[in-house]
Amino acid sequence: IYVLNEQGTLCPPYVPGEIYIGGSSLATEYINQPEKTKETFLQRQIPNTSEMKVYKSGDQGRITYDGHIEFLGRQDKQI
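Residues 1 to 79 in the working numbering are what the sequence shown lists, from first letter to last.
Treat the hints loosely; a few may be bogus.
Heads up, simulated SDA-like pairs for lysine to any residue below, C-alpha to C-alpha not over 25 angstroms straight-line [to be verified]:
(1) Lys53 - Pro13
(2) Lys38 - Glu6
(3) Lys38 - Tyr14
(4) Lys38 - Gly67
(5) Lys36 - Pro13
(6) Lys38 - Gln60
(7) Lys56 - Phe71
(8) Lys56 - Ile1
Keep in mind that the hints were calculated from the coordinates and are not lab data.
Could you build all of it, start to finish, from the sequences and the hints given here?
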């Protein structure tokens with residue numbers, strides 16, 4: 001789980017950004033929704049990793065100094 005700013009780089013601790021999810025178990029697409037897939041499943045270069053596919057969650061959050069993620073809300077009205 002990563003918190004990235006609008007430029008796609010990692011946010012420093014306690015700086016709000018969007019929560020992205022990546023890893024080998026990540027889904028690859030929304031079934032029969034190519035536009036939504038294109039908007040939310042993105043390739044990103046995360047520092048100290050190789051380029052990877054990540055899911056743009058639409059959730060706002062920040063990382064604490066001890067590595068915990070604090071959820072701050074949604075960018076849209078989804079519950």
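Taking the hints in turn, this is what the structure says about them:
1. Lys53 - Pro13: Answer holds: Lys53 to Pro13 is near 23 angstroms, not above 25 angstroms.
2. Lys38 - Glu6: The given pair, whose Cα atoms are some 17 angstroms apart, holds under the 25 angstroms limit.
3. Lys38 - Tyr14: violated, 29 angstroms
4. Lys38 - Gly67: With Cα atoms ~29 angstroms apart, Lys38 and Gly67 exceed 25 angstroms; violated.
5. Lys36 - Pro13: Answer violated: Lys36 to Pro13 is near 30 angstroms, above 25 angstroms.
6. Lys38 - Gln60: Satisfied, since the Cα-Cα distance of roughly 20 angstroms is no more than 25 angstroms.
7. Lys56 - Phe71: The hint holds at about 14 angstroms.
8. Lys56 - Ile1: holds, 10 angstroms
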